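Trainee: The chain contents come next:
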Amino acid sequence: MSAALMSWEEPLARTELAAEVARLRQGDPEALDPLLARYQNRLYRYLLRLVRDQATAEDLFQQTWLRVVEKVHQYDALRSFEAWLFALAHNLAIDHLRRYRPESLDELLSPDEPRHRQFPSAGPDALDRALRLERAGMVVEALDELPAVYRELLSLRFEEEMKLVEIAEVLDVPLSTVKTRLKRGLERLRERLVNLAPREMGQ
Amino acid sequence: MKNGHEAIREMLALAAAGALDEKEARLVEEHAANCTDCAAELERWQSLAGALRRVPTPQPSKELIARVRAQAEWKLAEEVERRRDTRVMVLLLLFSWTVLLVTWPMVRLVGGGAISWLETSLGNLWFWLSGYMLVGCLAAGVAILFGLRERGARRAS
Chain A
1 MSAALMSWEE PLARTELAAE VARLRQGDPE ALDPLLARYQ NRLYRYLLRL VRDQATAEDL
61 FQQTWLRVVE KVHQYDALRS FEAWLFALAH NLAIDHLRRY RPESLDELLS PDEPRHRQFP
121 SAGPDALDRA LRLERAGMVV EALDELPAVY RELLSLRFEE EMKLVEIAEV LDVPLSTVKT
181 RLKRGLERLR ERLVNLAPRE MGQ
Chain B
1 MKNGHEAIRE MLALAAAGAL DEKEARLVEE HAANCTDCAA ELERWQSLAG ALRRVPTPQP
61 SKELIARVRA QAEWKLAEEV ERRRDTRVMV LLLLFSWTVL LVTWPMVRLV GGGAISWLET
121 SLGNLWFWLS GYMLVGCLAA GVAILFGLRE RGARRAS
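From first to last, the protein sequence lines stand for chains A and B. All residue numbers for the first sequence refer to our numbering, where the first residue is 1 and numbers rise by one. All residue numbers for the second sequence refer to our numbering, where the first residue is 1 and numbers rise by one.
Just chain A, same shape as in the assembly (with noise of 0.2 Å):
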């Protein structure tokens, strides 16, 4: 039942979509209302995870949205419009943390380390123990300390539920970098959750 449903719901979405991004290609107002519905709180948590801070999170939404408006005749029909949306939240928010907080961008535009991590021993339990937490604030405490290239994998990937060469679209990556830094920033959110485990506990 649901794979029917995807199945005609789907290519549906996207047409109304396609419609709408043409709309506004043709300068029709009109269109940023369901445009900006469908993406603003996506958009938006996107930009808060990968500069962590709300008022340059909403000076960077708005910037966006203004580049999208500028640069929607250029936009090519036959790619996804989701990744060249977010790809224009990336390159506008690389350019401000490279110009504002440049210690910020740590590991987002080196390459990535080759690098091989050991949990502690007590690593599982201590994981099993945060997660039976549930303490969501948890979580999000653990994504906020790691690099900015690591939150912004994770956010994609989890929280946009993109796929993974979308994701290599919006970054401008090859595939294999992708998974390499998804990996590890699994591994490194890990990490920080079983090392905020104990202290939590400890409360």
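For the record, the hints were derived by calculation from the structure and aren't laboratory data. In this text, all values refer to a predicted model and were calculated from it rather than measured experimentally. Not one of these hints is a red herring.
Distance ranges between label pairs, derived from CB positions:
1) A:19 with B:77: 18 to 24 Å
2) A:16 with B:58: 25 to 31 Å
3) A:16 with B:36: 45 to 51 Å
4) B:36 with A:74: 50 to 56 Å
Built from N, CA and C at the ideal position, the CB exists for glycine as well.
Given the coordinates of chain A, assemble chain B onto it according to the supplied hints.
Mentor: Quick look at chain B alone, frame taken from chain A:
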């Protein structure tokens, strides 16, 4: 491809993230069915992935959306105007070249003797043609300046 215990273990995080291709995913599944250690580890990664999917979503404020909507609309109008201006400019340019070229024989006809006398004395048809064109272009330039000024006034109001 390696499919030993260690190799599979390295793939578990990506398996939980749904980031493996079909063949890799099958290898992991088959191994985890027989290895309790890896099955438990996979479950841990899966609960971590689950926790990530359940992270609460911060939402943009209504004021922000309203502000962005208004600015985007303004920008859109500006973009539309800019693109239309470019199109109009190209059309006008083509039109004026056509008019200039078409009217040139008439100018020659009316100017008749004088121009042909000057032509023979200066010996250059192209000199006169380009002079005529230059006058046309200057007139167009003045028209454009007026147009821009009027638009500036319209926008200010």
